[in-house]
Amino acid sequence: MREVAIVGVAMTKFGTSEKTQVEMFAEAAMEAINESGLGLKDIQAVNVGNADGNIEEGQAVIAPMCAADIGLSGTPATRFEGACASGTIAIRDAFIWVASGFYDIVLAGGTERQRIMSTPLATRVMGMGVHSRYETPTGLSFPGIFAMMAHLYASKYGIPLPELKEAMARVSFKAHKHGCINPKAQFYGKEVTMQMIYDSAMVASPIQVFDCCPISDGAAAVVVTSADIAKRLTDKPVLIVGTGQGSSGAVCSQKDITRIPARELSAKRAYDMAGLKPEDIDVCELHDCFTIAEIVASEGLGFFEPGQGYKAALNGDTDIGGKIAINPSGGIKAKGHPVGATGAAQVYEIVKQLRGECGPRQVEGAKIGMTDTMGGSFASIGHLILKRGW
Amino acid sequence: MEYILTSKKFTEALKEGKFLGLKCHQCSGYTAPPQKVCSQCGSEDMEIVELSRQGKVRTFTVIHVAAEGYQAPYIVALIELEEGPWVTANIINMDPEAATMDIIGRQGKIDYQDIITDIFSGGERIALTFSLTDST
Ligand SMILES: [Zn+2]
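The listed protein sequences correspond, in order, to chains A and B. Residue numbering for the first sequence follows numbering that gives the first Met the number 0, beginning at 0 and increasing consecutively. Residue numbering for the second sequence follows numbering that gives the first Met the number 0, beginning at 0 and increasing consecutively.
Treat each hint with caution, since some may be false.
Said to hold, decoys possible - In silico EDC-like pairs for lysine to aspartate or glutamate, Cα to Cα no more than 16 Å straight-line:
hint	chain 1	residue 1	chain 2	residue 2
1	A	155	A	304
2	A	254	B	82
3	A	155	B	79
4	A	254	B	81
5	A	155	B	101
6	B	55	A	255
7	A	254	B	79
8	B	35	B	1
What the hints assert, rightly or not - Over 10 Å on every C-beta distance to chain A, these chain B residues come out as not near it, computed from the model:
hint	residue
9	29
10	34
11	49
Think of the hints as simulated: they come from the structure by calculation, not from any bench. Where is the CB? At the ideal position from N, CA and C, for every residue including glycine.
Make the full structure from the sequences, and use the hints.
Shown next as structure tokens:
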């Protein structure tokens, strides 16, 4: 296997878009290619993460449509579907192809346009992320899964629910603090107070509106090349030094959902490949689709001991300048969650952080970063560890 | 080897009053809901057995923003069966507004309810239910 790097990154502003999924992807893709210094003729394959495009816009074969829109008809173009982790597995596969030597340069990313759906259709589509025979019929919503995670967390570790809720509110507050200063974020420029979080409506007990990520439109893309090519193109190539992926079935089959075995396996694969440990990570974009999800992920990735992640959130250990900066972009919570694009947008943020291009939300001196993305009933999970190549 | 306990067979059995699972001949572990291989050891060497329906609440939520076609509020829970597996079920014999973390650990019994079909449901479907049987 040879060394692999990322040379160009781009994302659209997340939020509500009048552009189609193909148009958004094309915009991000061209910006990433232009930033990389490469030309369209250099792209050998296109990997597009997309979860629900068939239903959102009635568009199948979305990857070829994306490729054709940027003049890459004839190029192999493949859709990657892993619900909210779609973008991550698209980039991970680009890494594998380039590392293997089969391709030298692959464009990868994701796109999603959820806000075009009516609310009933959106809730129905999101309900498809659990087992369709044995779970969806209970009316288990997405917030519902994480609500059950929160109650189990409080019960297992003997934490009074109000204390856990305070930690969850703190996660939301931090996300909005960061998202407020990220021009690409859905909640850019919107200040959120602890009182607003506490006063928000109940969605699925104990999850309230401000514990939930929004429904979003957006796209993001990155150019993946061999490290040799990257070093000729830029002084700041970002290396992909570790990656992992894991999968699971129904929520119930995983039993204790305060520990996600697929995440822990996938993260271990990434750490082992990189020869790194959790304490080596300076900045992490992890899957905070709901506030409790950030707490559980911060433990699953090894930043904190099981049952201690909520304390870390309360203590500010996950803030910029804390023990490990988590979600300086505002995360899924405040940056937005166009599911197919989310993993690629996480990579965008980490690349920008390692290059030192994040302005007021910059994690000073960040040299190694990580992404964690989780789709459906924790069914599809992927990790990437990125490192400065200079 | 053929898929021995399909979702169709599992559903039809529930309607006939039987809550089915799988018992492994290799490790003696139980698997529910059904799948191709043993959830404990991965063996295909399993037989269909009737489960006791007894279990306890491990976690739950009261859904206030309903899924399409559902009427909020309602309770969804993860139930640990006496035989070991966990299943997802609706707790039906208590007022959702009255559900607090105190219901975690409470005992009850599995049954099922019919659920309306829609264009995505892939035909008929049911949801497991759970009725609390102990008193507080
Ligand atoms: Zn077995």
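Comparing the hints with the structure gives:
no.	hint	verdict
1	A:155 - A:304	holds (14 Å)
2	A:254 - B:82	holds (13 Å)
3	A:155 - B:79	holds (14 Å)
4	A:254 - B:81	holds (14 Å)
5	A:155 - B:101	holds (13 Å)
6	B:55 - A:255	holds (14 Å)
7	A:254 - B:79	holds (8 Å)
8	B:35 - B:1	holds (9 Å)
9	29	holds (12 Å)
10	34	violated (7 Å)
11	49	holds (18 Å)
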